[in-house]
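Novice: Sequence:
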Amino acid sequence: MPATIAQPVEASPTSVLLEVEGMKCAGCVAAVERRLQQVDGVEAISVNLITRLAKVDYDAAIADPEALTTAIAGLGFKAQLRQDDNPLTLPVAEIPPLQQQRLQLAIAAFLLVVSSWGHLGHWLDHPLPGADQLWFHALLATWALLGPGRAILQAGWQGLRCGAPNMNSLVMLGTGSAYLASLTALIWPQLGWVCFFDEPVMLLGFILLGRTLEEQARFRSQAALQKLLALQPETTQLLTAPSSIAPDDLLEAPAQTWPVAQLRSGDYVQVLPGDRVPVDGCVVAGQSSLDTAMLTGESLPQACQISDRVCAGTLNLSHRLVIRAEQTGGQTRLAAIVRCVAEAQQRKAPVQRFADAIAGRFVYGVCAIAALTFGFWWTLGSRWWPQVLQQPLPGLLIHAPHHGMEMAHSHSHSPLLLALTLAISVLVVACPCALGLATPTAILVATGLAAEQGILVRGGDVLEQLARIKHFVFDKTGTLTQGQFELIEIQPLAEIDCDRLLQWAAALEADSRHPLAIALQAAARSANLPALTASDRQQVPGLGVSGICEGRSLRLGSPAWVQVATNELPTGSAAATPILLADDQQLLGCFWLQDQPRPEAAEVVQALQSRGATVQILSGDRQTTTAALAQQLGLEANSVVAEVLPEAKAEAIATLQADGDAVAMVGDGINDAPALATAAVGISLAAGSDIAQDSAGLLLSRDRLDSVLVAWELSQMGLRTIRQNLTWALGYNLVMLPLAAGAFLPAYGLALTPAIAGACMAVSSLAVVSNSLLLRYWFRRMVNASTIV
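With the UniProt record's numbering applied, the sequence shown corresponds to residues 1 to 789, in that order.
Some hints here could point you the wrong way.
Dumping the calculated DMTMM-like pairs for lysine to aspartate or glutamate here, alpha-carbon to alpha-carbon at most 20 Å [unchecked claim]:
id: 1; residue 1: Lys470; residue 2: Glu452
id: 2; residue 1: Lys55; residue 2: Glu21
id: 3; residue 1: Lys470; residue 2: Asp511
id: 4; residue 1: Lys470; residue 2: Glu603
id: 5; residue 1: Lys78; residue 2: Glu21
id: 6; residue 1: Lys470; residue 2: Glu643
id: 7; residue 1: Lys55; residue 2: Glu33
id: 8; residue 1: Lys470; residue 2: Glu486
id: 9; residue 1: Lys470; residue 2: Glu651
id: 10; residue 1: Lys470; residue 2: Asp706
id: 11; residue 1: Lys55; residue 2: Asp40
id: 12; residue 1: Lys78; residue 2: Glu66
id: 13; residue 1: Lys470; residue 2: Asp659
id: 14; residue 1: Lys78; residue 2: Glu19
id: 15; residue 1: Lys78; residue 2: Asp64
id: 16; residue 1: Lys55; residue 2: Glu19
id: 17; residue 1: Lys55; residue 2: Asp661
id: 18; residue 1: Lys470; residue 2: Glu713
id: 19; residue 1: Lys470; residue 2: Glu234
Quick list of the computed label-pair ranges, beta carbon to beta carbon [stated by the list, open to error]:
id: 20; residue 1: His319; residue 2: Ser265; range: 19 to 27 Å
id: 21; residue 1: Arg723; residue 2: Gln390; range: 37 to 45 Å
id: 22; residue 1: Pro746; residue 2: Gln154; range: 32 to 40 Å
id: 23; residue 1: Pro570; residue 2: Pro530; range: 38 to 46 Å
id: 24; residue 1: Thr235; residue 2: Thr14; range: 29 to 37 Å
id: 25; residue 1: Trp135; residue 2: Gln390; range: 28 to 36 Å
Hints listed in this document are in silico derivations from the structure and should not be mistaken for laboratory results.
Just so you know, even glycine gets a beta-carbon here, dropped at the ideal spot from N, CA and C.
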């Protein structure tokens with residue numbers, strides 16, 4: 001006997017989520033990714049600026065989480081492993097406490113007001129004591145830097161020290177340069193330099209204001225995920241000894257308050273009216289109605305009674321229920337939805353690679369531009385255009401060591417002051433934050449909106465790919481149709497009665513979830529036929545099932561699989577599907593089953609076509625049945641590809657995509673899984689098989705076809721928002737950097753002071769986040785206006 005050589009099995013990488021504190025811009029993200037890539041054993045990295053999470057795939061035999069967190073800590077960021085796998089017990093994102101941030105903003109605003117009052121008080125005849133002294137403004141600037149600005153300076157210095165400069169580094173260089181130059185002028189007045197201590201105060205005030213507003217906007221961008229998390233109650237009423245209580249007494253049995261996180265499968269919980277169901281389980285006592293709108297989209301209350309299944313997060317409306325827990329914590333359907341949304345927000349869209357490529361070296365480029373600006377205006381610029389030394393820099397407050405404080409327009413300033421001012425403006429006006437926020441904020445909002453509509457998107461890459469789809473391929477059974485077949489006729493083809501044929505068919509299809517199998521089982525039950533048992537059952541996806549029943553070797557399935565030519569079939573309805581039953585010698589009978597189109601199917605198909613999409617049907621059913629459905633939906637005969645096996649479906653999708661078209665496949669069954677995986681975007685209905693759902697990039701949890709159109713429209717709006725954000729972020733930097741560097745100063749007298757540059761930088765980031773939030777408004781307006789079917 002030949003020896004068998006065992007092939008080594010390639011171990012799948014281990015995935016961890018790291019919570020990273022302190023990231024402020026795309027430069028921070030790029031620095032973290034570069035540092036993690038240097039760790040041996042790391043295979044894939046995805047860092048999200050909004051959620052401040054880093055997903056790392058690594059070889060556990062080489063690397064470990066401690067090595068990952070240590071590498072990140074070397075950049076000055078705090079990193080810790082997310083321990084809990086239950087998404088319902090975790091925060092939406094690691095956002096700095098807004099209360100602390102608002103306190104720092106309040107201090108900075110107070111210093112800004114005091115500093116400004118020191119200048120305006122003379123004009124308003126209410127001067128502050130000592131406000132005309134340089135030491136007064138030096139103290140204010142020192143307080144601003146060591147108080148509200150300390151965290152920014154520390155993070156900026158840490159980035160520079162580790163060779164990974166970021167947005168904080170630019171702010172630190174700008175404010176630090178202004179402060180040190182002013183301090184030098186104060187200590188050595190014989191140098192003749194001017195002081196501008198107000199610049200650090202104003203700059204930090206504007207930056208902290210922008211960041212506080214930005215953090216609030218980021219938090220709002222996760223509103224959909226917050227709503228999902230809010231569906232999970234923290235506590236519930238647990239029955240302590242349900243086995244000793246009679247079933248009729250469960251509703252009135254004593255219960256104790258218990259943390260939902262500690263529930264286990266098999267526990268009995270009481271759910272009072274007005275409370276949310278804490279687990280997925282089965283009703284064992286009581287009857288009530290549940291609000292399931294957040295999970296299923298069903299607006300009307302759903303009645304439930306003993307033996308009905310209920311889901312965590314649904315709201316009990318009327319009467320007390322007792323539920324036996326089957327799935328708890330991270331295993332519930334609600335947890336799966338939250339996990340899917342969170343993972344989608346973590347995965348990057350391909351368009352983000354463009355922004356990441358720029359942002360990775362953006363800070364280095366800005367520092368180089370600032371250095372060139374300083375050198376140029378200190379040496380050549382002031383000589384070539386001496387008139388710029390007589391022009392005011394708008395709003396610049398300078399302090400002359402011997403002459404008190406005056407506005408810049410009352411002075412001619414030195415080449416050094418001009419060069420330093422413009423260089424600082426370059427440092428603080430640059431905004432890598434806008435580049436870093438452009439894509440993830442839009443993805444965050446879009447995936448959240450999709451979740452509200454019952455559409456679970458597996459990632460930003462899926463959303464971007466869907467936006468580019470112009471070719472939709474639909475499975476027939478259970479997708480375009482309701483998947484609720486009805487047995488309309490049994491035709492015996494041998495000396496066997498119809499009841500016996502139906503019993504054999506139901507035995508072969510026992511426990512199957514296929515719509516045709518369910519119809520045969522239902523027909524046998526409605527006829528009150530005794531159930532038979534089949535052994536050695538073997539299911540062939542897309543074709544049929546074989547087995548042994550009452551000593552007969554039987555095959556039940558499509559005519560092609562039972563090896564009968566279509567022209568030899570008995571006569572039946574063109575819209576019905578034939579299922580043949582045969583043994584080893586002959587055909588035994590033919591079952592004719594009919595399905596109805598989904599009520600919304602025709603409208604969805606027409607809406608897709610009206611928007612320029614190509615629609616096809618790809619089915620394993622016979623040609624005449626599929627063509628009849630296509631005619632009902634308004635499709636041409638050439639839009640139908642029928643009688644195809646699961647592997648052939650995947651090949652058909654691959655052929656379509658080989659011509660350059662990105663194809664979306666919509667299906668629900670096991671036989672659709674290869675095609676769903678092959679398509680650029682696989683879309684699975686919630687009622688479908690687990691394999692089909694695992695193969696899809698989009699899951700429609702509300703089991704409605706019009707969700708396909710909603711998802712397509714939303715993806716296009718999301719991609720449009722991303723492009724707008726990137727255009728703004730790039731355009732802002734392309735315009736503001738030359739303006740800050742003094743490119744328009746000789747001809748037009750236009751330039752920026754550091755304070756104004758800081759305000760512009762804050763507005764730039766806020767504009768990107770706000771534009772992403774506007775996606776919520778435009779999408780809901782579109783839905784309310786019924787522009788979606």
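Novice: So which of the earlier hints does this model not fit?
Specialist: Numbers 1, 3, 6, 8, 17, 19 and 23 - these are the hints that the structure violates, sorted from lowest upward.
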